[in-house]
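K.L.:
Next come the chains, spelled out residue by residue.
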Amino acid sequence: MLHRRAWVYGWLFLSPALLFLFAFTHYPALNTIISSFFSTPRGRRPAKFIGPENYQEMLQDPVFWKVLSNNFWFAAGTIPISIGLALLMALWVNSHLRGRTLARMAFFAPTVLPLIAVANIWMFFYTPGFGLIDQIRGGLFGLPAINLLGNPDTVLAAMIVVAIWKEAGFFMIFYLAALQSIPPVLREAADVEGAGRFYFFRRVMLPLLMPTTLFVSVNAVINSFRLVDHIFVMTDGGPNNASSLLLFYIYETAFKFWQTGYAATLTVVMLILLSVLAIGQFFLFDRKIHYQ
Amino acid sequence: MRAGRAGWPDFDTALNTVAMCLLAFLWALPLLYAIWTAIHPAAYETRFVLTAPLTLDNFAKAWAAAPFARYFLNTVMLVTLILICQFVLCTLAAFAFARFRFPGRSLLFTLVLLQLLVMPDILIVENYKTIRAMGLVDTIIAIGLPYFASGFGIFLLRQTFMSIPRELDEAARVEGISFLGLLWRVYIPLAKPTYLAYGLVSVSHHWNNFLWPLIITNSVETRPVTVGLSIFSAVDAGIEWSVINAATLMTSGPLLIAFLLFQRQFVQSFMRAGIR
Amino acid sequence: MGVIKRFDTALIASAVMLGQIATASAVDLEFYFPVAVGGKAADTIQALTDEYVGNNPGADIKAVYAGSYQETVTKALTAARGGKPPQLSVILSVDMFTLIDEDVIIPFDGLAQTDEDKAWMSSFYPAFMENSQTGGKTYGIPFQRSTPVLYWNKDAFKEVGLDPDTPPATWDEMVEFGKKLVKKDANGNVTRWGVRIPSSGFPYWLFQGLTTQNDVILANSDGNQTSFDDPRVVEALQYLVDLSGKYGVMAPGIIEWGATPKAFFEGQTAMMWTTTGNLTNVRENAPFDFGVGMLPAHKRRGAPTGGGNFYIFKDSSPEQQQAAFDFVKWITAPEQSAKWTIATGYVAPRPDTWETDTMKAYTADFPPALVARDQLEFAVAELSTYENQRVTTVFNDALEAAITGAKTPADALAEAQQQADAILKDYR
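Protein chains in written order, with the working numbering: chain Y, 1 to 292; chain H, 1001 to 1276; chain L, 2001 to 2428.
This is chain Y alone, in the form it adopts within the complex (with noise of 0.2 Å):
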């Protein structure tokens, strides 16, 4: 618009939000990044600056490590594998299958029930001895309990379970929108030419999704980052941090230790993290829809 003025409504258009998330997201992230440069401020002692002090103790930090290889792992398992079962579900309910309705039901049912809750529901399937695995296991196949929770090799596996539960039914809802918008034409089309159904679902139908999957990976990477939830109520970290996740740490650093000025250093790394990640998409995502 090539208003003469155009730069006048552009700023008043703008101001409301800008005041928002300067007030809200950029004085108090600024305020933090330089209190990653200065000493944690006890009752009587001030904050003192300290330059890189935090960084290196962070880089000597054994913990910190271990939970940014969680956090990977947990990445890892959640976001391929729920947006995959969000489309294989979207296309199920999409179809003509009895049933549908009440599936699509029950794939998005996770997402009105709060975690904090749910947590503990998924902590009774868990549970060794009288647990609804243990129960299935010991009462079908006679095989002993198994301390899912309690074990450092499976703890982090449980908790992606739950991740992916929570998550797959509200990204099959994004993939429904968008499989409802391809033409039935395009099918028709299709089945005259002779195209397998698998062909036409690799050449056709996945293309035209792109610009939904990568709508739905984006929150995917958020959430990966975000979903902690559950381990407050169901872990606490544990055993000795396996399913400790980066954020759950800066909770733990900034209001169980009170160690404000280390808070502070884990959130810059993690927001170098996400901007490394969700930039990048973000790009991706800004070109595909161009040529829409």
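These aren't lab readings, by the way, just hints derived from the structure by calculation. We treat Cβ as the ideally placed atom computed from N, Cα and C, and that holds for glycine. Among the clues, some could well be false.
[To be verified] Label-pair distances were calculated between CB atoms; the ranges are:
#1 L:D2365 <-> Y:R44: 47 to 55 Å
#2 L:G2054 <-> Y:A157: 50 to 58 Å
#3 H:I1035 <-> L:K2183: 26 to 34 Å
#4 H:V1049 <-> Y:P207: 30 to 38 Å
#5 Y:Y199 <-> H:M1134: 54 to 62 Å
#6 Y:L30 <-> H:T1055: 49 to 57 Å
#7 H:V1174 <-> Y:L68: 50 to 58 Å
#8 H:A1064 <-> L:D2357: 23 to 31 Å
#9 H:P1067 <-> L:D2365: 30 to 38 Å
#10 Y:R44 <-> L:E2335: 34 to 42 Å
#11 Y:P207 <-> H:S1178: 37 to 45 Å
#12 L:K2314 <-> H:M1134: 22 to 30 Å
#13 H:M1134 <-> Y:P41: 19 to 27 Å
[What the hints assert, rightly or not] Here chain H is said to cover these stretches of chain L; the calculated rule only asks that three of the stretch's residues, wherever they fall, bring their Cβ under 8 Å from a Cβ of chain H:
#14 2056-2070
#15 2079-2087
#16 2256-2269
Once you have looked at the hints, place chains H and L on chain Y.
P.N.:
Just chains H and L now, kept in the frame of chain Y:
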């Protein structure tokens, strides 16, 4: 998948149906378990026998443990307030980014994108100070304030607005419609599916949010459902599944039922143009 | 800008509508309380507060449920840093050093002016006061305090030929009983374990039972020195690890706190160690005859104390501090604390509460409630240091590493001691 082609044997449909039902069953398990425990005495929390006696005691207990009606009302007000503010602020900002050229646009857009990453969840201490300085501690509006301007919302709407052909708004400008009129009559109606998609993300996020509301509120009149539910997550005395599940059902029930009733309309209107 | 204007109006309108308009009255107090034992505790605190406000129009006390212990201290410190702390809060007794370090609380000593006040302050069980005092000053008043005890299933004891009225008195007996009580099905899978000592989240607390019984104290009273690598601590941890490994009387891996009472009700374990805060729960839900006893002894009897204290916050007017003091005095008085104990199962923190008629009737009807009181004689302070949560997390991690077999007890504890030294060196 449509079994349109004659060449596809029926067992394919059957196989898909079975697989879908199986997955749906798995997905519904936590909900089914919640229903089971909520309507049976605590002794049947781990024993699944059909003859178990039915009871409504758990609901009564949960209802008595916290003023859930009020919490529910608060959550609804909170979610609505946030949604309205997000829609208004994000629409204006997205319109500016999509349709105006002004100095500093790219820089500002990058700053907006930054908010995607800086989750308000990790800025709790700083944001508490700000809210305190504004004198708004313990208000519903304070729970929402950090979320009103959403980088995600601005980004999504900007994308949608940019895909709207410019000829449309030039035609409208010729007729002398103001920018706001243009936004209201052309852009917003065309972006409906985006609003719906974004609304869903926003509502589900704030419906589930816990820590910030707990910190910033102190009274029954302002606290959302999640804070009420947390009273049952107290671990010292062991988990009372039957009561916590009754509470969860009570508070999530209305939303679930609404979805059940309106899912067709909801999904369809959502889909009309698809999210792009 | 019609839209924006309307939006602004709506904003102001809702702020007015939703905002809390402070009522001007004599003394306004905000009082944060955590809940760790379910809904009934919250109701009881609310009811007691209402009763007090009803009788004392001069004080307007607002009781605010603040989540779990962890969430309460987070909320209180966030509020304090934001410049608006509560005037009064119940927070874990072990967070005392943290609160002092943050300079947000004041000692009670300055507020106790009359002889009666001073007498009141020395009317609590010494075992509880250990976590309330440092440097000769009293910063916390015991309120929702607990101690771990042993619960056992009398039916299971009878079944395997043990005396149903005698719990194991020593570590060796606990292993010996445990071996008898373990039950396996046809596939060789254990269907009932001998004992269950939960280790999720905060394993240090119950483990402190074992260390105390092995006659070692984990931290000094100045809160700046720990003894995690003491050979007696290593020995205690070895015993805990052996319960699952060598003796096979306890389930392997980390054992969940929250599911422990249920496992006991379900007959999955014949004995459990858990807080007295569970008494009411077990009494209502155990489908069999159960017993409550002191933890078994080794070199001596012993158990930690636990739970929350009242703290008065610094950033408040003298009138508010006085009002808070009066309220604490009232709510910990025998009649009130009896009500509280009966509703929750927490240990009444002063001897005279146990002498009230209400309490006597309760204990006559339910003698297990006395076990915790009797154990107080052998109880010690719960592990508490400066930067408490950091130090205990280091310790917890070491315990979990040993329990899951990732490290040997000696290695895990030596590392923990090193880390704790590094954290605490600034406080010496």
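K.L.:
With reference to the structure, classify each hint as holding or not holding.
P.N.:
Cross-check of the supplied hints:
1. L:D2365 <-> Y:R44: 47 to 55 Å: 51 Å, holds
2. L:G2054 <-> Y:A157: 50 to 58 Å: Once the Cβ atoms are compared, 54 Å apart, the range 50 to 58 Å for A157 (chain Y) and G2054 (chain L) holds.
3. H:I1035 <-> L:K2183: 26 to 34 Å: With a Cβ separation near 32 Å, I1035 (chain H) and K2183 (chain L) satisfy 26 to 34 Å, so the hint holds.
4. H:V1049 <-> Y:P207: 30 to 38 Å: With Cβ atoms ~52 Å apart, the hint is violated.
5. Y:Y199 <-> H:M1134: 54 to 62 Å: 59 Å, holds
6. Y:L30 <-> H:T1055: 49 to 57 Å: Between L30 (chain Y) and T1055 (chain H), where Cβ atoms are some 55 Å apart, the hint holds.
7. H:V1174 <-> Y:L68: 50 to 58 Å: 57 Å, holds
8. H:A1064 <-> L:D2357: 23 to 31 Å: Given a distance of about 28 Å, which is inside 23 to 31 Å, the answer is holds.
9. H:P1067 <-> L:D2365: 30 to 38 Å: 32 Å, holds
10. Y:R44 <-> L:E2335: 34 to 42 Å: 40 Å, holds
11. Y:P207 <-> H:S1178: 37 to 45 Å: 40 Å, holds
12. L:K2314 <-> H:M1134: 22 to 30 Å: 24 Å, holds
13. H:M1134 <-> Y:P41: 19 to 27 Å: 23 Å, holds
14. 2056-2070: Coverage by chain H holds for the region 2056-2070 of chain L (6 residues, Cβ < 8 Å).
15. 2079-2087: It holds, with 5 qualifying residues against the three required.
16. 2256-2269: holds (count 8)
In the structure shown, a violation is registered for the earlier hint numbered 4 alone.
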